[in-house]
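**Student:** Residues per chain, in single letters:
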Amino acid sequence: MIPAAFDYVRAGSVEEAVSALAEHGDDAKLLAGGHSLLPMMKLRLASPAVLVDVTRIPDAAYVRVEGDAVAIGALTRHCDLMTSDVLAAEAPLLPLVAGFVGDPQIRHRGTLGGSLAHADPAGDLPAAALASDATLVAQGPGGRREIPVADFFAGYFETALAPDEMLVEVRVPRTGAAKVAYEKFTRRSHDWAIVGVATVAGRVALTNVGPAPMRADATEAALASGASIEDAAALAAEGTSPVSDMHGDSAYRQHLTRVLTRRALSAVA
Amino acid sequence: MQVSITVNGTARTDDVPPRLLLAHYLRDTCGLPATNIGCDTTSCGACTVLLDGESVKSCTVLAVQADGRAVTTLEGLAGTADQLEDGMHPVQAAFRAEHGLQCGFCTPGMVMATTALLAENPNPDEQAVRTALEGNICRCTGYHNIVRSVLRAAEALR
Amino acid sequence: MAEVATQTRGSILGTRVARIEDPAFLTRGATYTDDVVDDRLAGALRATFVRSPIAHARITSIDTSDALAADGVVAVLTAADLAGVPETQAPPMPFLPAPMAQPLLAKDVVRFVGEPVAVVLTDDAYQGEDAAELVAVDYDPLPVVVDVRASLAGEVLLFPEHGSNVAFANGAPSSDDTFAGCEVVVRREIVNQRVAPAPLEVRACAAAWGEDGRLTLWLSNQGAQGAKAALAGALGCEPQQVRVITPDVGGGFGAKVGADTDHVVVAAAARQVGRPVRWIETRSENLLAMTHGRAQVQTVTIGGRRDGTIEAYRLEIVQDAGAYVQFGAVLPMLTSLMAPGVYAIPTVETSFSSVVTNTTPVAAYRGAGRPEATAAIERAVDLFAAEIGLDPVDVRVRNLRPAFTEPLTTQTGATYDTGDYPAALQKVLAAADYPALRREQAARRERGDARQLGIGLSVYVEITGAGAESGPPSENAQVEVHPDGSATVLTGTSPHGQGHATAWAMLASEELGIPIERITVQWGDTDLIPEGGGTMGSRSLQQGGAAVTQAARELVELAKQRAADVLEVDPADLVLDRAGARLTVAGAPGSGVTFAALAESEPLLVRSVFSAPGPTFPFGAHVAVAEVDVETGKAELRRLVALDDAGTVLNPLLAEGQRHGGLAQGAAQALVEEVLYDPDGNPMTTTFADYPIVTMTELPSFELVASETPTTYNPLGAKGLGEAGTIGATPAVQNAVIDAVAHLGVRHIDMPTTSYRVWTAINEASEG
Numbered sequence: 001m002i003p004a005a006f007d008y009v010r011a012g013s014v015e016e017a018v019s020a021l022a023e024h025g026d027d028a029k030l031l032a033g034g035h036s037l038l039p040m041m042k043l044r045l046a047s048p049a050v051l052v053d054v055t056r057i058p059d060a061a062y063v064r065v066e067g068d069a070v071a072i073g074a075l076t077r078h079c080d081l082m083t084s085d086v087l088a089a090e091a092p093l094l095p096l097v098a099g100f101v102g103d104p105q106i107r108h109r110g111t112l113g114g115s116l117a118h119a120d121p122a123g124d125l126p127a128a129a130l131a132s133d134a135t136l137v138a139q140g141p142g143g144r145r146e147i148p149v150a151d152f153f154a155g156y157f158e159t160a161l162a163p164d165e166m167l168v169e170v171r172v173p174r175t176g177a178a179k180v181a182y183e184k185f186t187r188r189s190h191d192w193a194i195v196g197v198a199t200v201a202g203r204v205a206l207t208n209v210g211p212a213p214m215r216a217d218a219t220e221a222a223l224a225s226g227a228s229i230e231d232a233a234a235l236a237a238e239g240t241s242p243v244s245d246m247h248g249d250s251a252y253r254q255h256l257t258r259v260l261t262r263r264a265l266s267a268v269a
Numbered sequence: 001m002q003v004s005i006t007v008n009g010t011a012r013t014d015d016v017p018p019r020l021l022l023a024h025y026l027r028d029t030c031g032l033p034a035t036n037i038g039c040d041t042t043s044c045g046a047c048t049v050l051l052d053g054e055s056v057k058s059c060t061v062l063a064v065q066a067d068g069r070a071v072t073t074l075e076g077l078a079g080t081a082d083q084l085e086d087g088m089h090p091v092q093a094a095f096r097a098e099h100g101l102q103c104g105f106c107t108p109g110m111v112m113a114t115t116a117l118l119a120e121n122p123n124p125d126e127q128a129v130r131t132a133l134e135g136n137i138c139r140c141t142g143y144h145n146i147v148r149s150v151l152r153a154a155e156a157l158r
Numbered sequence: 001m002a003e004v005a006t007q008t009r010g011s012i013l014g015t016r017v018a019r020i021e022d023p024a025f026l027t028r029g030a031t032y033t034d035d036v037v038d039d040r041l042a043g044a045l046r047a048t049f050v051r052s053p054i055a056h057a058r059i060t061s062i063d064t065s066d067a068l069a070a071d072g073v074v075a076v077l078t079a080a081d082l083a084g085v086p087e088t089q090a091p092p093m094p095f096l097p098a099p100m101a102q103p104l105l106a107k108d109v110v111r112f113v114g115e116p117v118a119v120v121l122t123d124d125a126y127q128g129e130d131a132a133e134l135v136a137v138d139y140d141p142l143p144v145v146v147d148v149r150a151s152l153a154g155e156v157l158l159f160p161e162h163g164s165n166v167a168f169a170n171g172a173p174s175s176d177d178t179f180a181g182c183e184v185v186v187r188r189e190i191v192n193q194r195v196a197p198a199p200l201e202v203r204a205c206a207a208a209w210g211e212d213g214r215l216t217l218w219l220s221n222q223g224a225q226g227a228k229a230a231l232a233g234a235l236g237c238e239p240q241q242v243r244v245i246t247p248d249v250g251g252g253f254g255a256k257v258g259a260d261t262d263h264v265v266v267a268a269a270a271r272q273v274g275r276p277v278r279w280i281e282t283r284s285e286n287l288l289a290m291t292h293g294r295a296q297v298q299t300v301t302i303g304g305r306r307d308g309t310i311e312a313y314r315l316e317i318v319q320d321a322g323a324y325v326q327f328g329a330v331l332p333m334l335t336s337l338m339a340p341g342v343y344a345i346p347t348v349e350t351s352f353s354s355v356v357t358n359t360t361p362v363a364a365y366r367g368a369g370r371p372e373a374t375a376a377i378e379r380a381v382d383l384f385a386a387e388i389g390l391d392p393v394d395v396r397v398r399n400l401r402p403a404f405t406e407p408l409t410t411q412t413g414a415t416y417d418t419g420d421y422p423a424a425l426q427k428v429l430a431a432a433d434y435p436a437l438r439r440e441q442a443a444r445r446e447r448g449d450a451r452q453l454g455i456g457l458s459v460y461v462e463i464t465g466a467g468a469e470s471g472p473p474s475e476n477a478q479v480e481v482h483p484d485g486s487a488t489v490l491t492g493t494s495p496h497g498q499g500h501a502t503a504w505a506m507l508a509s510e511e512l513g514i515p516i517e518r519i520t521v522q523w524g525d526t527d528l529i530p531e532g533g534g535t536m537g538s539r540s541l542q543q544g545g546a547a548v549t550q551a552a553r554e555l556v557e558l559a560k561q562r563a564a565d566v567l568e569v570d571p572a573d574l575v576l577d578r579a580g581a582r583l584t585v586a587g588a589p590g591s592g593v594t595f596a597a598l599a600e601s602e603p604l605l606v607r608s609v610f611s612a613p614g615p616t617f618p619f620g621a622h623v624a625v626a627e628v629d630v631e632t633g634k635a636e637l638r639r640l641v642a643l644d645d646a647g648t649v650l651n652p653l654l655a656e657g658q659r660h661g662g663l664a665q666g667a668a669q670a671l672v673e674e675v676l677y678d679p680d681g682n683p684m685t686t687t688f689a690d691y692p693i694v695t696m697t698e699l700p701s702f703e704l705v706a707s708e709t710p711t712t713y714n715p716l717g718a719k720g721l722g723e724a725g726t727i728g729a730t731p732a733v734q735n736a737v738i739d740a741v742a743h744l745g746v747r748h749i750d751m752p753t754t755s756y757r758v759w760t761a762i763n764e765a766s767e768g
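Protein chains in written order, with this note's numbering: chain A, 1 to 269; chain B, 1 to 158; chain C, 1 to 768.
Derived by calculation from the structure, the hints in this document are not laboratory data.
Errors might be hidden in some of the hints.
As the list claims (entries may be wrong) - Partial list, computed: chain C residues near chain B (C-beta under 8 Å):
| no. | residue |
| --- | --- |
| 1 | A18 |
| 2 | F25 |
| 3 | Y32 |
| 4 | D35 |
| 5 | R40 |
| 6 | C182 |
| 7 | A198 |
| 8 | T282 |
| 9 | G661 |
| 10 | L663 |
| 11 | F688 |
| 12 | T695 |
| 13 | L699 |
To be verified - What the simulated footprint calls covered on chain C by chain B, stretch by stretch (three residues with Cβ under 8 Å from a Cβ of chain B suffice, anywhere in the stretch; the number is not a length):
| no. | segment |
| --- | --- |
| 14 | 199-206 |
| 15 | 250-264 |
Here a beta-carbon is modelled for each residue, glycine too, at the ideal position from N, C-alpha and C.
Here chain A stands alone, though its shape is the one from the complex (with noise of 0.2 Å):
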């Protein structure tokens, strides 16, 4: 299967970038890795008109401490993520959920930036970046603006970005090497999420139990005022809405939440 024509822009820069998202509007979209985008240009469920690449972008990849935060630049991809040092010793969490992103060949061309904004509710690393309470860096026409994670995930593939930002930057909070845990439910090993749960410093996020990803808030609020971990997990369906399909119905991926939470906070206990 084969995309339909589109005029193909690279961009130099990420004001150039934005200037491209400006110009054309809805008809443009963002080429980072590519791996969700370009399926479903192949499938036509997809047909931009335009196509803003955007990893050519020089310096646009990063992985570094910047204070109290690890800063990682949005086009950082999935297999870099995983094999940073600076992650492992600062933000275990972002590392350990890539490697469940799809399969290597996948990880050598995914993106942070790309899957976060595409906000796939059944992406792993969106849950990452919630329970890591991240900062999301956006840089439109008028400047760069910080957008709180918990501000992001706006819905089925929708986020806070306007349609001419770009995700350049993701924020996240020191830890050190903290215990983490992501609990992905899978038909197949590298297919999608039929739920994941992800876990650090007491923070619980989860995927692909709502139109986004969503932090367990009950699971949360029980953990801290000292509930154990059975009783804070039996917390973790409340306030989600999973889809019922081939994988299974919304009572089995709520009952499946709750498992997986016990399970991700007994790892790190």
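Dock chains B and C against the given chain A, drawing on the hints supplied.
**Tutor:** Just chains B and C now, with coordinates in the frame of chain A:
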């Protein structure tokens, strides 16, 4: 759009439409048919090639994204080997010795994914092999002999 | 290389010879249909099909004008446009209802999502996908029937002119008398789900018509000769007008047999526009429109005594044939034939109905009718064992047929050639250490572990090499020695991964002494090899291989006649000197003549047809070990110990490879794979992201137990092996998953045993 890509060690320049998939560029523009296309969704791995030494699925990479980069396909693999066995790269030779291929359709992608795996992890155990090649589907072998092939290749390359 | 050296020491048969074909496959890739470069295909157009997006609808109009105006479009053909083809198509078997044959392109009504409605011919493939989107088809939806029981009820008819959705039926109505004397009777519906063969190379062909009015069709297929006959019939031309060439083929699994309507349309379109046309489908098209497999709803009834003796068994089948009749409509004949499997059950009854539904047509998939039989009886035996509280091993041991070396006829009329089922079971139980597994299982149950252990068994017998509808199973081969000492083997079989280039060379080498490297095996060109049965039904070695051996032996006899003249001796005094690939006078090794020399004056070749007395019946036993996470329902296969006895093994390396592949496909059906439709007939598994082809991470390495019980039906002692693994593994793995949660009250879980299904079964058992 004009692209300059080094394919199996030879630099070439071609004018390509932006939507041309790297897999089709290799097969049709470069005349290198070993790279097979087995699905539309980045699922099967038959089209795996090396892009600057890393495994990628060439059905989900645009030729324009490979501009300025180096691509290695099955046809060029032996040319990258320090030592050949029966005229083959050690990974290729291992697949033959262990009967790691039947119909051969997944084989080019499987061999290239193996090559990338062993560059990143020269000493994988069986579980590591299975995890690393989870993005490559084979419908014939049941994977048993592919795993044996990869372990044998790892030994040969050490 | 060690394996080559063996042939100078002794027989090459039974040795692990690495494949001759591999160096090319591994260094430049095989040449599949879409890779073929040929002058006759210069300037070929690309075909792109427009397919129905609706499961059942009347076509009210087709507007091709926008598509015709698009870049690179040469023609858009609908059923009304397609010239020179018969008005109607014939069903694949004459006894199937004529109205249920699939038209080349849908005429007035579409009956499944994916049915071809039009074909677009363009200069290149990219233009084809663009233009196909511009063909505007108006559909008036009709009521849809997806479920086979609903189809049987017949409220919605796919072919009103036929008056029923039943394409084919057989067997007497059931009678309760059959089970009247039984102490225990268990009855259960079992779904043997629809799966996709999904060879990694999708369907492809390339058609070129010569100035002589002959078609040359390059085709990814399991048998060029059968495809040629089908194509000629569908095109309405004489068979001699068609030449089919099968290049390297990237897997078939039963679904690349004969010719599909898509192939016929490509050939007809090439004739119509006067240019060669190439076609390769997408994976989505492959999952929509290549035939599917299995798709049976079975009702098993099993009865007997509380001591474990099975006295009666009944298998009732509703076969989903899909929207049009293909081989799938007759699959239950094979299922019925093999219904009693390895057991000496006094009374066995079978009946079936094949019905059409608004789904992709069903045909053969690895095992084709036999895995369904084994799955039914092996599940039924476990259900019976559970009901009476006996170990499944004990029930099997009590009811297995004893070993036999002379053909016997079963309750359903099959004639089994040779077999030793009790030995197979005992060997595989020993290899798996069955008692230790049961102890481990008991310990986990005792501890209440989240991950419980399940042990699944199957003992199977299957039918291979069943051959043509009439006459004994047979195959031809030609062996020729050339003056340079090399040899060529022509075969009517058609490898697509099985390794005939190596295996047939071994057989010829054994008889002639010519090294395998100097023997070229050719197949899959109907001008070169007009007759042949192709490779399907696990027939190749036992018939095609036997034909090679027979031809090579006859060639030696022919050479002896000639050598006798040359050497002026009696032919009877000549002996074969394998090391020298020559004939020498007995007692005088210095005097002799090579085959090569004998080929100088006139061609030295023999074509021979081998006929077997009948099909053969390989058998085996499998033990599967599964872990089931009882909290999530996730089932994982930990071990698969398999004994597959297919008689004498020619090349263990290749034989093991066939078994591995079969085991994986069996495990895949048991664990994950299923083609799904929604109630409106919309397919839900149309990409490899949705259809879960089993990957490396779901499978363990396999543990193979060797066993060779030769058949007397061919000189090689070989039975078929290609499908055996699938037949044994599917119920063994399913039984293992169920066994893991049996202590929670679960008796049955349909395949695939997905997490959700397992979890649901546990819940229902605890509520029940």
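**Student:** Look at each hint and say if it fits the structure.
**Tutor:** Do the hints match the structure? See the list:
1. A18: holds (5 Å)
2. F25: Status holds, d = 4 Å.
3. Y32: holds (7 Å)
4. D35: holds (4 Å)
5. R40: Given a least distance of 18 Å, the restraint on C:R40 is violated.
6. C182: violated (40 Å)
7. A198: holds (6 Å)
8. T282: For C:T282, the interface hint holds, since the closest Cβ of chain B sits about 5 Å away, which is under 8 Å.
9. G661: At 5 Å from the nearest chain B Cβ, C:G661 passes the 8 Å test, so the hint holds.
10. L663: With Cβ-Cβ at 5 Å, under 8 Å, it holds.
11. F688: Where the cut-off is 8 Å and the nearest Cβ of chain B is about 4 Å from C:F688, the hint holds.
12. T695: holds (5 Å)
13. L699: Holds - the Cβ of C:L699 comes within 8 Å of chain B, reaching about 6 Å at its closest.
14. 199-206: Since three or more residues must qualify, the claim that chain B covers the segment 199-206 of chain C holds, with 4 doing so at under 8 Å.
15. 250-264: It holds, with 3 qualifying residues against the three required.
Hint compliance for this structure: hints 5, 6 are broken, all remaining hints hold.
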